[in-house]
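Asks: Build out the structure end to end from the sequences listed, making use of the hints.
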Amino acid sequence: MAVNRFSRLVELRRLREEAQGGEYAKVLADLNALQQQVVDLDQETEQARVDALEMVGNAASILSGEMLTGFFEGQKIRRKRLLTQISRTKPVVEAAKQRWLEARKGLRQAEILEEKTSQQLQKEALKVENRMLDMAGVVRHIRQRDKENML
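Following the numbering used here, the numbering of the sequence shown begins with 15 at its first residue and continues without gaps.
Treat the hints as calculated values from the structure; they're not laboratory data.
Wrong hints could be hidden among the right ones.
Stated by the list, open to error - Think about it this way: if two alpha-carbon atoms lie no more than 27 angstroms apart in a straight line, the pair counts; the simulated DSS-like pairs of lysine-lysine are:
no.	residue 1	residue 2
1	Lys104	Lys119
2	Lys94	Lys40
3	Lys40	Lys141
4	Lys119	Lys130
5	Lys40	Lys130
6	Lys40	Lys111
7	Lys130	Lys141
8	Lys104	Lys94
9	Lys90	Lys104
10	Lys94	Lys119
From a predicted model like this one, the values you see are computed outputs, not experimental measurements.
Replies: Now the structure itself:
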């Protein structure tokens, strides 16, 4: 039986699709981690605001106004840096997604070609087998006719 030449192509495209999918998952996880850091930073800042308001009435407050202002300014700077990182990461994520989708499309096309070729090879093998059976039937019929003629 003939070998399907697209089997190796499917295997290679499957490996490529898996690699591209892994790369996309990695950069997407990085983006999600950055977004989570922004959320955590916002929660930390809000908690610090609440704590600062509670300490205003407390005469034994250790933190001065300058320290609190410095803290909140630092939080703003950290948030701005995280948002900049997120905006730089988004195009990388989109590019990785496009490469992964292209790899998936290529894999699907190769699988379709493999399936069509496989079906064609099966049809051809069935035709050959039927021809062989027909030949055997013809030979059997000739032998049977010869036997009848001899009798």
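Asks: Each hint should be assessed against the structure and marked as holding or not.
Replies: Outcome of the hint check:
1. Lys104 x Lys119: Answer holds: Lys104 to Lys119 is near 22 angstroms, not above 27 angstroms.
2. Lys94 x Lys40: With Cα atoms ~23 angstroms apart, Lys94 and Lys40 stay inside 27 angstroms; holds.
3. Lys40 x Lys141: 50 angstroms, violated
4. Lys119 x Lys130: 17 angstroms, holds
5. Lys40 x Lys130: Roughly 35 angstroms separates the two Cα atoms, so the pair is violated.
6. Lys40 x Lys111: With a Cα-Cα distance of about 11 angstroms, the restraint between Lys40 and Lys111 holds, given a limit of 27 angstroms.
7. Lys130 x Lys141: Distance of about 17 angstroms is within 27 angstroms: holds.
8. Lys104 x Lys94: 15 angstroms, holds
9. Lys90 x Lys104: 21 angstroms, holds
10. Lys94 x Lys119: Since the Cα atoms of Lys94 and Lys119 sit roughly 38 angstroms apart, the hinted pair is violated (cutoff 27 angstroms).
Of the hints listed earlier, those the structure fails to meet are numbers 3, 5, 10, in rising order.
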